Every structure is written in C-alpha cells, then in structure tokens.
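**Q** Listed below, chain by chain, are the residues.
2 protein chains.
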Amino acid sequence: MTVIMDGKSCADKIIEKIKSEVVQYDKKPTLAVILIGNNHASSIYVANKQKKADYIGFNSILINLPYDVSENNLLEQIYKLNDNPDVNAILVQLPLPKTINQQKILEAIDPIKDVDCFTSYNFGWLALGYNPYVVPCTPKGIIRLTDEYKIDLEGKNIIVIGRSNIVGKPLSLLLEQRNATVTVAHSKTKNLTALSSSQDIVISAVGIPDFITTEYIKEGAVVIDVGINRTDKGITGDVKFDEVKDKASFITPVPKGIGPMTIAMLMENTLELFKIQHSFIN
Amino acid sequence: MTVIMDGKSCADKIIEKIKSEVVQYDKKPTLAVILIGNNHASSIYVANKQKKADYIGFNSILINLPYDVSENNLLEQIYKLNDNPDVNAILVQLPLPKTINQQKILEAIDPIKDVDCFTSYNFGWLALGYNPYVVPCTPKGIIRLTDEYKIDLEGKNIIVIGRSNIVGKPLSLLLEQRNATVTVAHSKTKNLTALSSSQDIVISAVGIPDFITTEYIKEGAVVIDVGINRTDKGITGDVKFDEVKDKASFITPVPKGIGPMTIAMLMENTLELFKIQHSFIN
Numbered sequence: 001m002t003v004i005m006d007g008k009s010c011a012d013k014i015i016e017k018i019k020s021e022v023v024q025y026d027k028k029p030t031l032a033v034i035l036i037g038n039n040h041a042s043s044i045y046v047a048n049k050q051k052k053a054d055y056i057g058f059n060s061i062l063i064n065l066p067y068d069v070s071e072n073n074l075l076e077q078i079y080k081l082n083d084n085p086d087v088n089a090i091l092v093q094l095p096l097p098k099t100i101n102q103q104k105i106l107e108a109i110d111p112i113k114d115v116d117c118f119t120s121y122n123f124g125w126l127a128l129g130y131n132p133y134v135v136p137c138t139p140k141g142i143i144r145l146t147d148e149y150k151i152d153l154e155g156k157n158i159i160v161i162g163r164s165n166i167v168g169k170p171l172s173l174l175l176e177q178r179n180a181t182v183t184v185a186h187s188k189t190k191n192l193t194a195l196s197s198s199q200d201i202v203i204s205a206v207g208i209p210d211f212i213t214t215e216y217i218k219e220g221a222v223v224i225d226v227g228i229n230r231t232d233k234g235i236t237g238d239v240k241f242d243e244v245k246d247k248a249s250f251i252t253p254v255p256k257g258i259g260p261m262t263i264a265m266l267m268e269n270t271l272e273l274f275k276i277q278h279s280f281i282n
Numbered sequence: 001m002t003v004i005m006d007g008k009s010c011a012d013k014i015i016e017k018i019k020s021e022v023v024q025y026d027k028k029p030t031l032a033v034i035l036i037g038n039n040h041a042s043s044i045y046v047a048n049k050q051k052k053a054d055y056i057g058f059n060s061i062l063i064n065l066p067y068d069v070s071e072n073n074l075l076e077q078i079y080k081l082n083d084n085p086d087v088n089a090i091l092v093q094l095p096l097p098k099t100i101n102q103q104k105i106l107e108a109i110d111p112i113k114d115v116d117c118f119t120s121y122n123f124g125w126l127a128l129g130y131n132p133y134v135v136p137c138t139p140k141g142i143i144r145l146t147d148e149y150k151i152d153l154e155g156k157n158i159i160v161i162g163r164s165n166i167v168g169k170p171l172s173l174l175l176e177q178r179n180a181t182v183t184v185a186h187s188k189t190k191n192l193t194a195l196s197s198s199q200d201i202v203i204s205a206v207g208i209p210d211f212i213t214t215e216y217i218k219e220g221a222v223v224i225d226v227g228i229n230r231t232d233k234g235i236t237g238d239v240k241f242d243e244v245k246d247k248a249s250f251i252t253p254v255p256k257g258i259g260p261m262t263i264a265m266l267m268e269n270t271l272e273l274f275k276i277q278h279s280f281i282n
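Protein chains in written order, with the numbering used here: chain A, 1 to 282; chain B, 1 to 282.
For reference, chain A alone in the conformation it holds in the complex (with noise of 0.2 Å):
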C-alpha cells in the first residue's frame, strides 16, 4: 500500500507551532521579499509566502521593483535591508532578470538574514559540513517531510535529479550528512533510467511535466517530486504520479507534497534568523 506523503498537513502543523511561538516575542519577526517586475509564477509564490507570514504573525515586506531596475539600485536596497536592525531576514524571489548577475546580488545578502542560504558564506559552510545560519528552505523541507514519515535516510541510496544551487546541491549535501549514499544526475546523465531504477529513493528537480515514469523507479522506491510545473492542466510535478504511484512506498504529490513544506521552511528560518539575531539562542 502506497503512502501518500501529506506536505500540506506536514507543513501545517509546523506553521501552527511557528505561530504558538511567535506570540510570546515582544517583537515581530520580520521577512523581507525583493521582487523584481510582474512575472505571474513569482508574484503568485510571493503573495502565498506573505499571505504565510502574515497568518503566522510575521510581519512582512515587500519590496517590488521595476523589470528593468539596475544593479545598483537594486544592491541599494538590499544595502537597506542589511542595515535595518528591524528586518530580520532577506529573500530575494528569483529568476532575476538576465541583465543583473544573480550571483553578486544574492552576495551582498548579510548572512545573518539569508533566509535561503544563498550566499556563499553560508553555502560553504553547508558544504564543508558545518552549521550555517540556516540552510536552504526546499532541501531542508524535503528532508523534513521524510523524517516526519520515519524514512531512514542512513546508508540509502538516493538519486537527486537536477543539480541547482536551490534544490539539488545542497540537498545532495544534506543527505550526505545523513550518511546517504548520494548520486547527482543531471541533463549529461547517460542511461538515467537504469541509474534511476536501482535507487532507494529518487527525488526529482528537473522541472519537466511527467518525466519520471514508473521505468525509472524500483518497486518500493521512495518517490519525492520537487516539480512544480505550471501546464494547461494546472500544476503537475514531474513525476507521472497516477502511474508511479502503484510503484512506490512512499510518494509525495504535486500540489500539497513538497510546495508547502517549502514554505513552512521560510518561516521557521525566518523564526530562526530573528532569535539567532537577538541571541534567544542558547
């Protein structure tokens, strides 16, 4: 019998407990969202990240910028952020426009308020196996929603599809922490289906509607779909979930797996940045 992985409910219990904490602080924790231009995936993404913080009683900025905003001004502002004792937390909602270098933005980030472990102060301390402020929102959801349904991680082999700095490295880095024994493949990948098929668990990031078919999953596979692909049918993943399903142990779905996990990452980093900045930590 297949396992349904609920990330939506996953998700909920952890915003409710972010929120019981959140009321016995004098002070609101406070995320700040950069976004650039109109582009209808980011400001849908947006407005559900502030509709989150505002239910948990965050309070939430949003900083919305023209298209065609320069580099500078658009440092400027994250300069102003950095600076502001009030904003506890910083993202910057990407793709970025292809005019402004991506890299040099998300850098001038204080690490102390990236919320997303983007820059590469916190990113080498992630890959060097220590501690960053906080590490990344979808790696982390993902790990959390497998413990949440008791999956071992130890000594399993797992194949992460998709080699982003958002979700697949430092995911891969992660479960190697858990002593996972991790393959990254990726569009270069040769013979991804009998790569894929061999694993305990295949999670997938590649952002292509119905790539996973069940040739790529061994019976009883661990399947996490981290996809969120907008089609004419709506929101599907990149899994072949109808199919797939019957396949594995355990599957998350598109929407209401990984999505809201994502997001209730946001928050608890967000949560966590402000009391590392007010040294509520022990």
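Treat the hints loosely; a few may be bogus.
The list treats identical chains as interchangeable, and a pair is accepted whether it falls inside one copy or across any two copies.
Once the Cα atoms are required to be at most 25 Å apart in a straight line, the calculated DSS-like pairs of lysine-lysine come out as [as the list claims (entries may be wrong)]: (1) K150 / K190; (2) K104 / K275; (3) K247 / K190; (4) K188 / K150; (5) K188 / K218; (6) K190 / K218; (7) K245 / K98; (8) K275 / K233.
What the hints contain is simulated information worked out from the structure, not anything from laboratory work. Bear in mind that the values here come from a model prediction, so they are computed numbers and not experimental data.
Position chain B against the provided structure of chain A, taking the given hints into account.
**A** Relative to chain A, chain B alone:
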C-alpha cells in the same frame, strides 16, 4: 593494454613550466607552511613541499609550532601571515592536534592566501559552481591528470569513495562541473562492490591498503588511487594494484601517481595567488 598514469612525469612538466615562469618576475612567490608538532608523516610531506618550492624558485617559510601550542597562539601566527604582504600563500598542514578547533583555524586564513581552498568563503564559491581564488590541490591534481590522458569526464559515471573536505567532497563538486554523474560513497554505503563495479571511473580516497580489489572494478574502468598509506612494505595506495591493473583501462600507481600531482598543484596555486595579489591577471 592498461595505461599506467604517470603522475610523477606530468607533475614534473608542470613544475618546470612554473619554474620557467617564475624567473620572469621581480619578486619571488612565497609559500608559508605551518606545521604543528613533529608527526613523522606530516614532517615528510612538509619537507617535500618545501623542497619543491625551493627548486622552483619560490620563497618558502616554515613555521613549526610545538604540539601543545594554544589555539590563540596559532591564530596569532595566521594573522601575522595574513598581514605580511610578502606572503602569498598559507598552508596549515593537517591533521591538527585534537585540542584545536580545526575549522576555526582554517577559517582564519585570508581567503586570498588560502592555497588549499580550506576557508568557507572559497569552498562556498567552489560549491556554488563559481570560481574560488584557487581550487583544492588534490582534486585539482586528479582532474589535471585525467585531462593529460584525454579521459573525457562528461557524462561518465564516477564513484568517489571517501567524503573528506580535502578530497572527496570538493572532488565530487569539480567532477559535477565537468558534467560527470557523481556518486559519493563512504563508510555507511551499502553494497559498495556492486555500486563501484558499475562505474566508468572509480576514485578511492579511503586510506586503507588493498581496499579496492578487482570486484570493485568494471572491465575497462579508469581507476584513480588517492590513498597514501604507510605500511611495513612502504607506501601503498588503496588499490590492490597488481590485480586491478589488468582489469582497468587506466590506473594511477602509488607512489608516483596523485601524490606528486598534489604537490604540483600546490605550487601552481601558490603562483596563481601571487599573480592575483599582484594583479598580473588579465
């Protein structure tokens, strides 16, 4: 016919190239090495590095501190080297005594003098897929040697056995940048022989003599031996060379394999940092 990859002669060529470049400069690049205590193996490594630096025409500085040196005194020494404009590259010979917080010490090195890419600053850039000042010596030496033998890494399935911050982890990141499909294995990996014997390239950085036998190797695979193990029979690698060599297409010996390449890359990195610091770079 198996090709024995001659790391010694490849390293010698690199050393000669650096030597002929260095005579053109008014100043000598300077490598400072900090050695704690008098561990026999570490002393030999350091002496070899210094000998090579002297041969090339670098200045080499050895700072040998007693085994019971305090963390603060060690930090003082690093700060002095950071502040000394005549020092271009700083190497802290590992391992450090257990009383000393290794990452705290490595983190104190000025990133622009961090010749082995040990700081989180440089390691973060490496992990994010951007250019740190220099990349770690041993992984760099491994990739350089495969390049020398025109072994194409793109799309190859490669297993890296061992996940240290000095070899396994940065190596896996660099191989990924070359579009290889990389699996990182370690002591908690299950079914390592099955996993390893399906790979196009096997790289062992385990530190156990004769660990890699023919069962770990696919017919015609490339075998890279990063082990340097001191045994009664002298220095040996991780690979049971005499057996495995008949099954491999390419194999590195120990000694005269990756060892000399590491030292050559240390020299190259010293020169690169010297040039960056003197803005000789285009």
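**Q** Work down the list of hints and note, for each, if the structure agrees.
**A** Consistency of the hints with the structure:
Taking CA atoms no more than 25 Å apart as the test, K150 paired with K190 passes between copies only; the shortest distance there is 19 Å, against 32 Å inside one copy. Taking identical chains as interchangeable, the C-alpha atoms of K104 and K275 lie at most 25 Å apart only when they sit on different chains, with a minimum of 23 Å there against 27 Å within one chain. Taking the shortest Cα distances, K247 and K190 sit within 25 Å of each other both inside one copy (23 Å) and across copies (23 Å). In this homomeric assembly, K188 and K150 come within 25 Å of each other (Cα to Cα) only across copies, at 19 Å, whereas the closest approach inside a single copy is 33 Å.
In this assembly of identical chains, K188 and K218 lie within 25 Å of each other by CA distance both inside one copy and across copies; the values are 22 Å within and 21 Å between. In this homomeric assembly, K190 and K218 come within 25 Å of each other (Cα to Cα) both inside a single copy, at 18 Å, and across copies, at 17 Å. Taking the shortest alpha-carbon separations for K245 and K98, neither the intra-copy value of 38 Å nor the inter-copy value of 49 Å comes in at or below 25 Å. In this assembly of identical chains, K275 and K233 lie within 25 Å of each other by CA distance neither inside one copy nor across copies; the values are 42 Å within and 56 Å between.
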